[in-house]
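Protein chains in written order, with our numbering: chain A, 1 to 128; chain B, 1 to 264; chain C, 1 to 301.
Simulated from the structure, these hints should not be mistaken for laboratory data. The beta-carbon is built from N, C-alpha and C at its ideal position, and this holds for glycine as well. One or more of the hints may lead you astray.
[Unchecked claim] Heads up, simulated SDA-like pairs for lysine to any residue below, C-alpha to C-alpha not over 25 Å straight-line:
#1 C:Lys276 / A:Leu92
#2 A:Lys41 / C:Ser110
#3 B:Lys5 / C:Leu74
#4 C:Lys276 / A:Ser103
#5 C:Lys276 / A:Asn23
#6 C:Lys107 / B:Leu111
[Stated by the list, open to error] Label-pair ranges, simulated between beta-carbon atoms:
#7 C:Arg56 / A:Asp45: 40 to 46 Å
#8 C:Ser193 / B:Arg187: 36 to 42 Å
#9 A:Phe108 / C:Arg245: 29 to 35 Å
#10 A:Thr68 / C:Asp111: 56 to 62 Å
#11 A:Arg122 / C:Ile227: 22 to 28 Å
#12 A:Thr68 / C:Gln10: 40 to 46 Å
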Amino acid sequence: MLFHVHASSGVPLYQQIVGQVKNAVASGASRAGDSLPSVRKLAADLRINPNTIARAYQELEREGITRTVPGGGTYVADIKPGILKSEKQKRLRPLARQLAVESVQLRFDSDECVEMLKAELRELGEKP
Amino acid sequence: MYLWKCWREYRGFVLGLLFLLTAFAFLADYSQSRRLWWTEDYSRAASSALFHGMHKTNLGVFHDIQEMNLGLVVIGGLLGALFMSNAGGVATEFEHKTSELLFTRPRKRALLMWTNWWCGLFLLEAVLLVTVLTSSASLAILLHVWDGTWFALFQKLTVRLLLAILAMLPMNMMVYGIASCAGVLCRSVSKGLLAAVEVIAGYFGIYVLLQVHFRLDTPNWWFDRSYSIIGGDFSHLELALAWMIIALLFPFAAQKILERRDVV
Amino acid sequence: MNEWAIETRQLSKYYGDVKALDGLTLKAPKGSVYGYLGRNGAGKSTTLKVLLGLARATSGEAHVLGERVRPENLAILERTAYVGENKPLYEWMSAEQMVRFTRGFYKSWSDEAARRYAEMLEIPMRRKIKKLSKGNRTKVSLLLALAQGAELLMLDEPTSGLDPVYLDDVLRTLVEHHVNEGRTVFFSSHDLSEVEQIAEWVGIIDNGKMLLEARLDDIRENFRTVIASGNGLPETGENIASVTRDGNFRKYVLARGGESFAASLEQQGAAVLEVKAMSLREVFLALLRKESANVSVEVLA
Numbered sequence: 001m002l003f004h005v006h007a008s009s010g011v012p013l014y015q016q017i018v019g020q021v022k023n024a025v026a027s028g029a030s031r032a033g034d035s036l037p038s039v040r041k042l043a044a045d046l047r048i049n050p051n052t053i054a055r056a057y058q059e060l061e062r063e064g065i066t067r068t069v070p071g072g073g074t075y076v077a078d079i080k081p082g083i084l085k086s087e088k089q090k091r092l093r094p095l096a097r098q099l100a101v102e103s104v105q106l107r108f109d110s111d112e113c114v115e116m117l118k119a120e121l122r123e124l125g126e127k128p
Numbered sequence: 001m002y003l004w005k006c007w008r009e010y011r012g013f014v015l016g017l018l019f020l021l022t023a024f025a026f027l028a029d030y031s032q033s034r035r036l037w038w039t040e041d042y043s044r045a046a047s048s049a050l051f052h053g054m055h056k057t058n059l060g061v062f063h064d065i066q067e068m069n070l071g072l073v074v075i076g077g078l079l080g081a082l083f084m085s086n087a088g089g090v091a092t093e094f095e096h097k098t099s100e101l102l103f104t105r106p107r108k109r110a111l112l113m114w115t116n117w118w119c120g121l122f123l124l125e126a127v128l129l130v131t132v133l134t135s136s137a138s139l140a141i142l143l144h145v146w147d148g149t150w151f152a153l154f155q156k157l158t159v160r161l162l163l164a165i166l167a168m169l170p171m172n173m174m175v176y177g178i179a180s181c182a183g184v185l186c187r188s189v190s191k192g193l194l195a196a197v198e199v200i201a202g203y204f205g206i207y208v209l210l211q212v213h214f215r216l217d218t219p220n221w222w223f224d225r226s227y228s229i230i231g232g233d234f235s236h237l238e239l240a241l242a243w244m245i246i247a248l249l250f251p252f253a254a255q256k257i258l259e260r261r262d263v264v
Numbered sequence: 001m002n003e004w005a006i007e008t009r010q011l012s013k014y015y016g017d018v019k020a021l022d023g024l025t026l027k028a029p030k031g032s033v034y035g036y037l038g039r040n041g042a043g044k045s046t047t048l049k050v051l052l053g054l055a056r057a058t059s060g061e062a063h064v065l066g067e068r069v070r071p072e073n074l075a076i077l078e079r080t081a082y083v084g085e086n087k088p089l090y091e092w093m094s095a096e097q098m099v100r101f102t103r104g105f106y107k108s109w110s111d112e113a114a115r116r117y118a119e120m121l122e123i124p125m126r127r128k129i130k131k132l133s134k135g136n137r138t139k140v141s142l143l144l145a146l147a148q149g150a151e152l153l154m155l156d157e158p159t160s161g162l163d164p165v166y167l168d169d170v171l172r173t174l175v176e177h178h179v180n181e182g183r184t185v186f187f188s189s190h191d192l193s194e195v196e197q198i199a200e201w202v203g204i205i206d207n208g209k210m211l212l213e214a215r216l217d218d219i220r221e222n223f224r225t226v227i228a229s230g231n232g233l234p235e236t237g238e239n240i241a242s243v244t245r246d247g248n249f250r251k252y253v254l255a256r257g258g259e260s261f262a263a264s265l266e267q268q269g270a271a272v273l274e275v276k277a278m279s280l281r282e283v284f285l286a287l288l289r290k291e292s293a294n295v296s297v298e299v300l301a
């Protein structure tokens with residue numbers, strides 16, 4: 001896995017890392033059994049505090065996304081489909097909210113908003 | 001390792017001083033020893049005869065050589081003492097802005113300062129010693145005279161000069177102490193030097209005033225005078241020790257300054 | 001056992017009339033990376049100098065690694081590695097000689113670490129210091145500090161004047177060093193993006209006083225910029241760190257509760273255009289810019 005963090009974005013770094021792992025898993029790029037880089041290596045590569053990485057890994061383990069093997073190594077866990085789905089939903093929801101908020105502010109009604117969404121999906125070749 | 005650093009910093013000045021003094025000593029010896037050959041045919045026997053003749057009368061040239069070398073020891077010692085702290089004294093840490101490097105090492109400031117000071121003093125005295133020995137040795141070579149009489153004179157010269165070094169020790173310590181203390185006080189090597197010169201000149205002025213004008217017996221550094229101002233007679237050794245103790249008060253003051261004041 | 005690597009209480013240092021430090025209260029946890037920020041002349045360097053005993057405090061007290069701060073506290077000096085702003089070194093020595101000179105002072109020195117860092121930082125060890133570039137000089141200073149094996153690293157602007165490549169090398173080395181158990185890194189800096197990368201704690205000092213001391217993540221999670229427009233918008237309020245005005249528009253910087261503040265503005269009928277998180281630089285400027293700040297001393301967390 002490759003990570004990239006924005007220290008100045010105002011989002012805590014550990015959250016960014018947690019988010020990136022979840023994205024990778026949700027999109028299928030990372031699968032169960034794939035290994036994550038060690039805390040030390042990742043900290044050195046990203047030039048950030050190792051405690052940040054440690055915190056992110058703890059969070060991921062707590063949520064069941066990863067598991068740590070005693071003796072070393074963090075791996076993507078066998079994730080239950082339910083968890084996967086809820087992660088995917090978590091990813092889409094803020095985007096949906098943003099669309100909703102903007103629509104309200106620009107005084108679109110819900111039909112116009114949904115219509116716009118369907119148009120975009122059609123362009124991508126998906127069934128509405 | 002600090003001692004190593006002190007040595008390396010003093011090294012340039014010390015070797016330069018040594019070279020200067022030995023060069024002068026050699027020149028003095030050379031110029032005077034040539035006088036022995038003036039009138040004769042430069043043969044060994046002739047110079048020997050001349051030398052012995054002089055010995056029987058009034059020392060003559062030898063006396064001059066002695067005086068010259070003595071002058072070198074005295075003046076060389078004083079100037080060396082004055083400029084030594086310039087080369088590597090603790091004041092240079094302030095000058096080169098490395099005080100926050102040295103004084104964040106886990107060592108007492110007193111230890112650092114005194115190590116530096118004794119190192120400088122030792123080197124100074126070592127320079128004078130080597131100068132004297134070199135001078136005597138070069139004299140022996142120049143005169144090509146190895147018989148007993150000459151040897152006795154040679155010994156007398158060397159011993160006299162070594163005693164002079166010892167005699168100058170309190171004075172060297174005094175000047176060196178004042179210069180290094182002034183450097184620490186002023187946080188600058190050049191300002192310290194100026195201050196030291198002012199102090200010494202000032203004292204000299206007071207001395208002249210009191211001694212010559214008011215005819216008061218004033219403490220001085222010359223080795224061959226004792227004075228009655230404190231009542232009673234003191235031997236030269238006691239005076240020398242007293243002066244050395246007084247001289248040590250200056251670096252002691254520097255130690256106190258380092259301990260009390262901010263060093264950045 | 002004391003959990004603070006550095007702790008000060010009402011620490012003051014006056015130079016005559018000038019109050020370099022004015023009742024400074026600082027707490028840096030052991031094992032953390034603490035970024036010490038402030039404007040030029042705010043008192044960052046003075047703080048370090050007083051903590052190390054190089055300058056004597058006028059009043060107040062401080063402890064470093066549990067030891068009372070005073071001039072010539074050798075216990076502190078033994079366990080702390082310091083690199084000053086000007087990275088003082090002996091010009092006539094080479095890096096190798098500086099290493100030899102320094103190692104004798106410390107029981108915890110590691111020759112192996114010295115070798116490793118020298119290689120990692122690619123320092124020309126045989127060249128004389130006076131011939132080294134600024135970047136290399138900084139690296140040598142850092143090498144000496146890291147190889148010392150100190151529990152606390154105190155660095156005054158370690159990356160000032162370094163080009164981005166050197167800066168990256170230094171950051172990488174600092175991060176790797178910090179991985180070792182229980183070691184604290186306390187550094188002052190003007191480079192806020194560098195602080196954001198590696199610091200866990202941040203302390204902002206202004207005019208000799210602590211303005212804000214908090215976990216960086218807490219700052220990230222709490223500080224918000226709220227941009228709104230409308231009539232009768234508030235000028236001051238709880239948690240408002242600064243307000244910028246332009247006609248009907250207001251830009252608020254909230255120290256906490258940004259979202260609820262925005263909601264309350266909307267309830268009053270204002271149009272809230274943006275509620276967003278802030279970079280450390282934005283927080284710093286909001287707190288220290290004269291025109292907009294109306295801060296009181298705050299401590300989050």
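(request) Below or equal to 25 Å on CA atoms is what counts here, so check A:Lys41 against C:Ser110. (result) holds, 22 Å
(message) Given the hint of 29 to 35 Å, is the C-beta distance from A:Phe108 to C:Arg245 inside that range or not?
(response) This hint holds: roughly 31 Å between Cβ atoms.
(message) So if I understand the rule, the pair passes when the alpha-carbon distance is 25 Å or less; does C:Lys276 with A:Leu92 pass?
(response) Holds, at about 19 Å.
(message) Check whether the Cα positions of C:Lys276 and A:Asn23 lie no farther apart than 25 Å.
(response) Holds, at about 22 Å.
(request) Indicate whether the distance between the beta carbons of A:Thr68 and C:Asp111 respects the range 56 to 62 Å. (result) Once the Cβ atoms are compared, 35 Å apart, the range 56 to 62 Å for C:Asp111 and A:Thr68 is violated.
(request) Look at the Cβ atoms of C:Ser193 and B:Arg187 and judge whether their distance stays inside 36 to 42 Å. (result) Given range 36 to 42 Å: holds, Cβ gap about 38 Å.
(request) Mind checking the alpha carbons of C:Lys107 and B:Leu111 for me, to see if they're no more than 25 Å apart? (result) holds, 18 Å
(message) For the hint 22 to 28 Å, verify it against the beta carbon of A:Arg122 and that of C:Ile227.
(response) violated, 35 Å
(request) Determine whether the Cβ-Cβ distance between A:Thr68 and C:Gln10 falls within the hinted range of 40 to 46 Å. (result) Given about 45 Å between the Cβ atoms, the range holds.
(request) Quickly compare the C-alpha distance for C:Lys276 and A:Ser103 to 25 Å and report which way the hint goes. (result) holds, 19 Å
(request) For the pair supplied as a hint, B:Lys5 and C:Leu74, confirm whether the alpha-carbon distance does not exceed 25 Å. (result) Judged against 25 Å, a Cα distance of about 21 Å means the pair holds.
(request) Could you check the hint for me, namely that C:Arg56 and A:Asp45 are 40 to 46 Å apart, CB to CB? (result) Holds, since C:Arg56 and A:Asp45 (Cβ atoms, about 44 Å apart) stay within the stated range.
Checked against the numbered hints above, the structure violates hints 10, 11; every other hint is satisfied.
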